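One line per chain: the protein sequences are H and A, in this order. 1 is the number of the first residue of the first sequence in the numbering used here; add one for each residue after it. 1 is the number of the first residue of the second sequence in the numbering used here; add one for each residue after it.
Note that these hints are calculated values from the structure, not bench results. Quick caveat: nothing in here was measured; it's all calculated off a predicted structure. Backbone N, C-alpha and C fix where the C-beta goes; we use that ideal spot for every residue, glycine too. Be a bit skeptical, because a hint or two may be false.
[Claimed, not checked] The calculated DMTMM-like cross-link candidates involving lysine to aspartate or glutamate, where the alpha carbons are at most 25 angstroms apart (straight line), are:
#1 K91/H / E203/H
#2 K19/A / D123/H
#3 K262/H / E8/A
#4 K236/H / D197/H
#5 K19/H / D79/A
#6 K5/H / E317/A
#7 K19/A / D197/H
#8 K5/H / E203/A
#9 K170/H / D86/A
#10 K73/H / D34/A
#11 K73/H / E22/A
#12 K236/H / E317/H
#13 K73/H / D58/A
#14 K170/H / D268/H
#15 K73/H / E23/A
#16 K5/A / E124/H
#17 K73/A / E189/H
#18 K352/A / D329/A
#19 K236/A / D86/A
#20 K73/A / D197/H
#21 K5/A / E203/H
[To be verified] Covered by chain A, per the in silico footprint, the following chain H stretches (three or more residues, Cβ under 8 angstroms):
#22 48-59
#23 92-99
#24 384-396
There are 2 protein chains.
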Amino acid sequence: MVISKNMERLVAGSSTIRKLFEEGLQMAAEVGADNVYDFSLGNPASPVPHEVRDAIEDILDNTDGNIVHGYMKNAGFNDVRKAVADSLNRKNGMNYDAEDIIMTCGAAGGMNCIFRSLLGLDDEVITFAPFFGEYRSYVCNFGGNLVVVPADTETFQLNLAALRPLINEKTKCIIINNPNNPSGVVYTEETLRKLNDIIVEAEKEIGHPIYVIADEPYRELVYGGQTVPYIPNIIKNSFFLYSFSKTLSLPGERIGYMAVSKNIDYYDEVISALVVANRCLGYINAPSLFQLVVARCLDIPANLEFYDKNRTLLYEELTKMGFEVVRPDGAFYMLIKSPTPEEDDFVAMGKKYHIILVPAKSFGCPGYVRLAYCVSHDMIKRSIPAFKKLAEEYFK
Amino acid sequence: MVISKNMERLVAGSSTIRKLFEEGLQMAAEVGADNVYDFSLGNPASPVPHEVRDAIEDILDNTDGNIVHGYMKNAGFNDVRKAVADSLNRKNGMNYDAEDIIMTCGAAGGMNCIFRSLLGLDDEVITFAPFFGEYRSYVCNFGGNLVVVPADTETFQLNLAALRPLINEKTKCIIINNPNNPSGVVYTEETLRKLNDIIVEAEKEIGHPIYVIADEPYRELVYGGQTVPYIPNIIKNSFFLYSFSKTLSLPGERIGYMAVSKNIDYYDEVISALVVANRCLGYINAPSLFQLVVARCLDIPANLEFYDKNRTLLYEELTKMGFEVVRPDGAFYMLIKSPTPEEDDFVAMGKKYHIILVPAKSFGCPGYVRLAYCVSHDMIKRSIPAFKKLAEEYFK
Numbered sequence: 001m002v003i004s005k006n007m008e009r010l011v012a013g014s015s016t017i018r019k020l021f022e023e024g025l026q027m028a029a030e031v032g033a034d035n036v037y038d039f040s041l042g043n044p045a046s047p048v049p050h051e052v053r054d055a056i057e058d059i060l061d062n063t064d065g066n067i068v069h070g071y072m073k074n075a076g077f078n079d080v081r082k083a084v085a086d087s088l089n090r091k092n093g094m095n096y097d098a099e100d101i102i103m104t105c106g107a108a109g110g111m112n113c114i115f116r117s118l119l120g121l122d123d124e125v126i127t128f129a130p131f132f133g134e135y136r137s138y139v140c141n142f143g144g145n146l147v148v149v150p151a152d153t154e155t156f157q158l159n160l161a162a163l164r165p166l167i168n169e170k171t172k173c174i175i176i177n178n179p180n181n182p183s184g185v186v187y188t189e190e191t192l193r194k195l196n197d198i199i200v201e202a203e204k205e206i207g208h209p210i211y212v213i214a215d216e217p218y219r220e221l222v223y224g225g226q227t228v229p230y231i232p233n234i235i236k237n238s239f240f241l242y243s244f245s246k247t248l249s250l251p252g253e254r255i256g257y258m259a260v261s262k263n264i265d266y267y268d269e270v271i272s273a274l275v276v277a278n279r280c281l282g283y284i285n286a287p288s289l290f291q292l293v294v295a296r297c298l299d300i301p302a303n304l305e306f307y308d309k310n311r312t313l314l315y316e317e318l319t320k321m322g323f324e325v326v327r328p329d330g331a332f333y334m335l336i337k338s339p340t341p342e343e344d345d346f347v348a349m350g351k352k353y354h355i356i357l358v359p360a361k362s363f364g365c366p367g368y369v370r371l372a373y374c375v376s377h378d379m380i381k382r383s384i385p386a387f388k389k390l391a392e393e394y395f396k
Numbered sequence: 001m002v003i004s005k006n007m008e009r010l011v012a013g014s015s016t017i018r019k020l021f022e023e024g025l026q027m028a029a030e031v032g033a034d035n036v037y038d039f040s041l042g043n044p045a046s047p048v049p050h051e052v053r054d055a056i057e058d059i060l061d062n063t064d065g066n067i068v069h070g071y072m073k074n075a076g077f078n079d080v081r082k083a084v085a086d087s088l089n090r091k092n093g094m095n096y097d098a099e100d101i102i103m104t105c106g107a108a109g110g111m112n113c114i115f116r117s118l119l120g121l122d123d124e125v126i127t128f129a130p131f132f133g134e135y136r137s138y139v140c141n142f143g144g145n146l147v148v149v150p151a152d153t154e155t156f157q158l159n160l161a162a163l164r165p166l167i168n169e170k171t172k173c174i175i176i177n178n179p180n181n182p183s184g185v186v187y188t189e190e191t192l193r194k195l196n197d198i199i200v201e202a203e204k205e206i207g208h209p210i211y212v213i214a215d216e217p218y219r220e221l222v223y224g225g226q227t228v229p230y231i232p233n234i235i236k237n238s239f240f241l242y243s244f245s246k247t248l249s250l251p252g253e254r255i256g257y258m259a260v261s262k263n264i265d266y267y268d269e270v271i272s273a274l275v276v277a278n279r280c281l282g283y284i285n286a287p288s289l290f291q292l293v294v295a296r297c298l299d300i301p302a303n304l305e306f307y308d309k310n311r312t313l314l315y316e317e318l319t320k321m322g323f324e325v326v327r328p329d330g331a332f333y334m335l336i337k338s339p340t341p342e343e344d345d346f347v348a349m350g351k352k353y354h355i356i357l358v359p360a361k362s363f364g365c366p367g368y369v370r371l372a373y374c375v376s377h378d379m380i381k382r383s384i385p386a387f388k389k390l391a392e393e394y395f396k
């Protein structure tokens, strides 16, 4: 092998999902795309809002091309950072300045900057199952280890009872993904306040900060009038990470930001390192045109109705069929409990009816499968008879 | 300190250039922007070609927004990769398929993917002075060490005599930047063939491949009808890295690619790792709209005249004044030999006349300063009297 040891593992691990995706394409070639129900990917199907195109035209018409497409400071255009800060201040009662905002290559880019800045060899990052599987790769990129708190499969809130024993001197960060991918659950303010109590106490014992990473690309995708608590209002040592991928249906453009409150411990040191990391990881800066675009689109509401229709129909129908489904209040994912102990068998059975589901063991939650309902409503409707046949395999 | 040890060094190191940049801004505020001659940054001033805007309009008019801005395979859109492969095959007599091309977040993104894939702790990457200082950060990101072959200040070609003793079992890659930043020198086919002989022999001795990274964002910026040899035609185990930043004046958009010939040792293993690295480093994929844009702009020639005018005027005038200038045949940089032994003193003296130059010790070439002439011709003309005064400090 010429590739590095810790890359070998990632390559091996990544083949499962790639295989699923390719099987879906293969199936579509055989039985027609309309007869395949691919729920594997978080690629938003809600149309890109027209304001995005309007913003592009306006920028290209009125700003010098060498500025639009040129280098700026590694943290981003000053006026874009100012607009983001103002928007966060207005929405969440914060007190950010432009210099507290770093424009990033999506939330994933921001998280890599944090780990590049903070992790030494064998340092630990904690997250709560179920969790987005790529967290393991991001931590592993810089020699760290991801430590997983097992899921509380009663409530799917944070399993706080299991957290404290996992914190030690090597703990540098805790990732909180709210609303959660893959469960769709929203963590409540009560849960987050309890989390804060545990962290504050643990920091005293271990003698250094534990930074909470609030990874919130789905923040605005919540249903039934709920709101998602703003973590930096509850937990002092926290970074807020956002991506426009989901709300504006721009996942391919890689545009997001990180907000760092001046209240965190070692603010100066940390923010300097984050900006250098943004440069030296090769992002250099978040893509320039789309920095300018999102600054003009900060107040566009997410297309909640698009996803809510899918959520409601699927949840009702699947439950009626006999499946046990974790009730999703946010994001565009839901977890179905596998009717057989081995979820891989359930996933295989799904394929018989051209339904592509992802085994949730890759999200640290064995015994479940994840379904991404960010697809067209039409596909959801067409999939119901297939799910019925799948249900009949288990519940008769 | 809460930041990681190897980040501390990078943050400390990066302050020199940031200081220069900020001093330039400060100066401009004091004496007026027109009276400051900032030669510090490689931000291309040649206008963005109108074909870029045309391509954007065409794409937005004729392609579904959810495809334009959506996820695709981590390696990029298939048709974009095919267009890049075809173009490389046509221009350089290669035999690439679409699957050999990975669209990347600039050349810097591609290089980070290579190091993430290949480097284990304390592995070594060799480069030749003078070199782009960020290489050190990219290698350091993944626990590797950059080993620098000292400059051959006679010819500024590769100092091959000094290379062989630096190769050992830990050597994984050699970076070649052609044309070179900061010297502007073009490495000849003869030099590269000799390099190949050394590598082939060394590979036999150490028992594993040494991959050459051809970092060529300035490939099309060569003057006087010269051409730059295509390294994968000369060196079997090589990666070709390109960025559209300079040719199309799009550095802020972070768009480039990597081409990997099927001839390299361990092709399957390496290309899989590179694609996974592109995802897990948080790039996920190169920005989607600009993938589609550059695929339509592959044959747009660089605006050579824009930079050549600057090059010719500066080289002639500075030489006439008594400065010793390394003759630049490519890119948009030139090296001036410091008329005093300590180039920092020369840089400081430049500031007296509002000329911002970068000490070349950060490029591994002490005793020289770098000048980036990718600025407006008007600024070049305005700077000549200031350079004359600077020359008078040394040569009377």
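Against the structure shown, which of the earlier numbered hints fail to hold, in ascending order? Of the numbered hints given earlier, those the structure breaks are 1, 2, 6, 7, 9, 12, 13, 17, 18, 20, 23, 24, listed in rising order.
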